[in-house]
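Residue numbers (this note's numbering), protein chains in the order written: chain A, 1 to 486; chain B, 487 to 969; chain C, 970 to 1064.
None of these hints come from the bench; they were simulated from the model. Treat the hints with care, as some may be off.
Said to hold, decoys possible - Derived, one-sided and incomplete: chain C residues facing chain A with beta-carbon distance under 10 Å:
1) 1002
2) 1036
3) 1039
Claimed, not checked - Distance ranges between label pairs, derived from CB positions:
4) B:726 x C:998: 29 to 35 Å
5) A:18 x B:514: 26 to 32 Å
6) B:490 x C:1040: 49 to 55 Å
7) C:1028 x A:262: 34 to 40 Å
Stated by the list, open to error - Stretch by stretch, here's where chain C covers chain A in the computed footprint (C-beta under 8 Å, at least three residues):
8) 91-100
9) 172-179
10) 467-474
Glycine included, C-beta positions come from ideal geometry on N, C-alpha and C.
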Amino acid sequence: MIESSLKELSRNLAEKEISSVELTRAYLDRIASRIATVNALITVDPDTSLAQAQAADERIARGEAQPLTGIPIAHKDLWCAKGWRTTCGSRMLENFVSPYDAHVIERFNNEGAVILGKTNMDEFAMGSSNENSYFGCARNPWNTDRVTGGSSGGSAAAVAAALAPAATGTDTGGSIRQPAALCGVSGLKPTYGRVSRYGMIAFASSLDQGGPMARNAEDLALLLDVMVGFDARDSTSLERPAEAFTRLLDEPLSGLRIGLPKEYFGEGMSTEVRSTVEAGLAEYRKLGATTVDIELPASDLSIAAYYVIAPAEASSNLSRYDGVRYGFRAEEYDDLLDMYCKTRSQGFGTEVKRRILIGTYVLSHGYYDAYYLKAQRIRRLIAQDFTKAFEHCDMIMSPTSPTTAFEIGAKTADPAQMYLSDIYTIAANLAGLPGMSIPCGFDAAGLPVGLQIIGNYFCEAKMLNVAHRYQQHTDWHLKRSPVASS
Amino acid sequence: MDWEIVIGLETHAQLSTESKIFSGASTNFGALPNTQACEVDIALPGVLPVLNIGAVDRAIRFGIAVGAEVNRRSIFARKNYFYPDLPKGYQISQYEIPIVLGGQVNIRVGDSEKTVNLTRAHLEEDAGKSLHENFRDMTGIDLNRAGTPLLEIVTEPDMRSAQEAVEYAKTLHTLVRWIDICDGNMQEGSFRCDANVSVRPKGSTQLGTRREIKNLNSFRFLQRAIEFEAKWQIETLEDGGSITQATVLFDPETGETRQMRTKEDAHDYRYFPDPDLLPLEIDNDWLQRARATLPELPGARQARYQTDLGLSRQDASLLVASRETADYFDATLAALDPADDAGAAKLAANWINGELAAALNRAELELNQSPVSAQALAALLARVLDITLSSKLAREVFEGIWKGEGSVDEIIEKRGLRQISDSGQIEKIVVEVIAANSQQVADYQGGKQKAFNSLVGQVMKASKGKANPAQVNEILKQKLGNP
Amino acid sequence: MSLSLDDVKRAASLARLEIGDAESQRILDQLSGVFELIAKMESVDTDGIEPMAHAQDMMARLRQDVVTESDKHELFQSIAPAVDADLYLVPKVIE
Chain A
1 MIESSLKELS RNLAEKEISS VELTRAYLDR IASRIATVNA LITVDPDTSL AQAQAADERI
61 ARGEAQPLTG IPIAHKDLWC AKGWRTTCGS RMLENFVSPY DAHVIERFNN EGAVILGKTN
121 MDEFAMGSSN ENSYFGCARN PWNTDRVTGG SSGGSAAAVA AALAPAATGT DTGGSIRQPA
181 ALCGVSGLKP TYGRVSRYGM IAFASSLDQG GPMARNAEDL ALLLDVMVGF DARDSTSLER
241 PAEAFTRLLD EPLSGLRIGL PKEYFGEGMS TEVRSTVEAG LAEYRKLGAT TVDIELPASD
301 LSIAAYYVIA PAEASSNLSR YDGVRYGFRA EEYDDLLDMY CKTRSQGFGT EVKRRILIGT
361 YVLSHGYYDA YYLKAQRIRR LIAQDFTKAF EHCDMIMSPT SPTTAFEIGA KTADPAQMYL
421 SDIYTIAANL AGLPGMSIPC GFDAAGLPVG LQIIGNYFCE AKMLNVAHRY QQHTDWHLKR
481 SPVASS
Chain B
487 MDWEIVIGLE THAQLSTESK IFSGASTNFG ALPNTQACEV DIALPGVLPV LNIGAVDRAI
547 RFGIAVGAEV NRRSIFARKN YFYPDLPKGY QISQYEIPIV LGGQVNIRVG DSEKTVNLTR
607 AHLEEDAGKS LHENFRDMTG IDLNRAGTPL LEIVTEPDMR SAQEAVEYAK TLHTLVRWID
667 ICDGNMQEGS FRCDANVSVR PKGSTQLGTR REIKNLNSFR FLQRAIEFEA KWQIETLEDG
727 GSITQATVLF DPETGETRQM RTKEDAHDYR YFPDPDLLPL EIDNDWLQRA RATLPELPGA
787 RQARYQTDLG LSRQDASLLV ASRETADYFD ATLAALDPAD DAGAAKLAAN WINGELAAAL
847 NRAELELNQS PVSAQALAAL LARVLDITLS SKLAREVFEG IWKGEGSVDE IIEKRGLRQI
907 SDSGQIEKIV VEVIAANSQQ VADYQGGKQK AFNSLVGQVM KASKGKANPA QVNEILKQKL
967 GNP
Chain C
970 MSLSLDDVKR AASLARLEIG DAESQRILDQ LSGVFELIAK MESVDTDGIE PMAHAQDMMA
1030 RLRQDVVTES DKHELFQSIA PAVDADLYLV PKVIE
């Protein structure tokens, strides 16, 4: 069962070979015995999960099951779920029990899926290693001295350790793809606007996008079918005809043109990552695809633009955490100003404060044009690069991360160094393009390497096809981490 | 030294939508604290704003009404600052590209007319309310008002006296109610002004340093606050002091302005486009629809009353003081359907601005609560025009209608108020009066005009006021001969 | 465009973050590294390029003016740090 894909679990449930309660309990048991090893979840609530599983079983018995009815899914702890503690990895929301459901949670609830728990994450999704969680960093199931990546590190670790068959994440600058790569799972960030942001605690509103994380592309497609959909409560939500993300899975890849941006294969990448990704590309050629060199000249500036735009938006988004209406309030203070300052200084962690400071500074009087507007102009150049590139190719491929999972603590002293972890992933967020990461091999230390696939706007179904065909011919995604096998 | 006062106003008009500008919570006034503050209004983590079409529509109506340019594409920005009644830590407001650019409001002060130029009008959300009184050492926050749609209407520094500022505010107040975008209730804070006041030596073209008086929610306070502030600034400068830019509050108790203690970080609001809201686009169709549904505006209506109906400027301007009054007037005229337009219009205007206004005032009623409908007033005035009723009798009938005693004709019958126009009947009374007042008759014939008036009075009294006064005069003169 | 200690302190004050002198210096050192990354932006000419504020080139979708929300203040205030008489309480605001 622990080896099964969502599709198999769905069939098992439909044929009543297993009940949702049994399945949920099995995962809850695995979580209970391994939580200390990987620290992948912040909150579990077995009673609530099992009650949902019970309801799912009844629904299945009535013959009203949907594909994911009864399937337990772990959610990144920034999706507000009514009655669930939703911390966003922060002391600020340590005791915040959400009074409402995010749109995505609503859709999973309507589907009859079970909320298995809330996964660990970098505080307010700011980080590339999960070390910025107030609840301690999640640990990589392939080597628990290593980071999971971030910010959706808990979700990646939960799937990689088989503590959940699937999980949700969010991706602002690589927060689904990079931890997916470092933990050897599959993850997809859809086109901006596909998945409603309502109820998803904001980091950088114009970049944030929710998406699924799972064992393989087919599972991602099933999850995406539930997660994607128009939501009138999100002004940036796209109104598009419904589509089944599984519909193209089995199409052949002959004739597929894969663009290889030279900027993404340059220096800074570990040689093992390079050779592993190149082996993956060779596999694609075997499947009938051709590769073509492309240029994304402005991508060099994506980190710079991102670290202006994302902190600017974040500095404003995080102003609501003031200790007045919910969340943490400092215990001692002299007056209102002191209450604000102490609440926010004690409630936020170091990295969050750092980004609030960057964002506040770049928006402040006299710097707006030089930083914020400049970054937005560069953002357009980056988006235009992709538009041009897609005239010559159908998909863009690259490594997801320049390195495999690094040791916990290795980059914490130098934020600028840490920020470079997202060097290949950030551009897709700036452009609003869909991107994914799938496992494509291991380095000598046995740590997974991720292959990034960036598609054109709304090409998720095709991307899933590209990933699925690869996974039909390779078994990297089937390899089990030591924690999963334990 | 002679000083010139320079005033610009920023008016916050609360738009009369059902729901808030970015959420589906109600905007009703007076609900229990925080019962009309939904997830979005209290800024729970993860919530998002969605713009209310009703707020945009009202802003467009305003733009057209003041002859402004309505921007086809406008942007919502975030104005960042911390305050406990500002739940998100930023206010969503239009900054660089507002929905309404320019425009004019024409005012009249005494006998002169003046145009106040508008800089802009932009959409924004209101904050909640801080209640300082109820708790020792603590302030209570009610977020019911948070997210209520506002149109902030900003003028150029065009006004030169408190009186001009008040006239502008009154004209604007009439206009926003006229075009049905704001209920104008000042006590509830639906219409409030900030006044930017500076002074400079007369003849100078450079603006002085201004201070902004916040949150003036009555015309009287607006007047008093500006007068005090201007006087204070002049005295300060004459004493050799200088003015520093500041935000001040007006205290109605003392009649003074004082500087606010809260500093807003030297106003570094870190505006940037709200990433949660896409650009607002307004197409030609929308503009045309808004234009088509806009009522005739007060200025045009007043001009029509003066030129087409021959009303005096005074009468016409009173009638357009509110759209209700003007509509009432129009309805009265329509029901009267008179042969003599000008005479009827003048009569209707007199009654509406006089008797009716006074009666409403005494009863503390609004026009829409009037017990006398436009149709009833028209029926009454028809009886005046056909000389069934004298003005005096008409007032009695009006009182009867007001009290709900029935229709005009029923009341005339019931109270026996029909005017006596039968000359035989009047002559009979005149003869009796002459017989009973020989002294006055002698006085009149001795040249005292006053005595004649007294005799007319006696006749009117004897007829219980029903005799047609013109006929009484005529017959009396006939009988007495010339003095 | 190099960052100064005053810049850090001013940003902290605007953002309502309390940062001690020693900490400010450490933060300045770290942020200086970040601003070196950011400074790369200066290397490219962006004259005439329209700033890109949103990932999608779309216009606002508007809601109808209808009340859809009901009173939930008890639920909302059950998670509030300090409430009395249905009001959120904060230390006294002096205007």
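message: Assuming the hint says 29 to 35 Å, is it satisfied by the Cβ distance from residue 726 of chain B to residue 998 of chain C or not?
response: Violated, since residue 726 of chain B and residue 998 of chain C (Cβ atoms, about 49 Å apart) do not stay within the stated range.
field: Whether chain C covers the region 172-179 of chain A (at least 3 residues having a Cβ closer than 8 Å to its Cβ atoms)
entry: With 0 residues closer than 8 Å to chain C, the region 172-179 of chain A misses the three-residue bar; violated.
Beta-carbon spacing of residue 1028 of chain C to residue 262 of chain A - inside the hinted bounds 34 to 40 Å or not: holds (36 Å)
message: Next item in the hint list is residue 1036 of chain C. Is there a CB on chain A closer than 10 Å to its CB?
response: Check failed: Cβ of residue 1036 of chain C comes no nearer than 15 Å to chain A, outside 10 Å.
message: Given a cut of 10 Å on the nearest C-beta pair, is the interface hint for residue 1039 of chain C held or broken against chain A?
response: Hint on residue 1039 of chain C: violated, closest Cβ of chain A at ~13 Å, above 10 Å.
task: Go through the hint on residue 1002 of chain C and say holds or violated, using the shortest Cβ distance to chain A against 10 Å.
output: holds (4 Å)
message: For the region 91-100 of chain A, count the residues whose Cβ lies under 8 Å from any Cβ of chain C; is that count three or more?
response: Coverage by chain C holds for the region 91-100 of chain A (4 residues, Cβ < 8 Å).
query: Are there three or more residues in the region 467-474 of chain A whose C-beta lies closer than 8 Å to some C-beta of chain C?
result: With 0 residues in contact (Cβ-Cβ under 8 Å with chain C), the coverage given for the region 467-474 of chain A is violated.
message: The hint says 49 to 55 Å between residue 490 of chain B and residue 1040 of chain C; measuring C-beta to C-beta, is that right?
response: About 52 Å separates the Cβ atoms of residue 490 of chain B and residue 1040 of chain C, which means 49 to 55 Å holds.
query: Does the Cβ-Cβ separation between residue 18 of chain A and residue 514 of chain B fall within 26 to 32 Å?
result: violated (53 Å)
In the structure shown, a violation is registered for the earlier hints numbered 2, 3, 4, 5, 9, 10, in ascending order.
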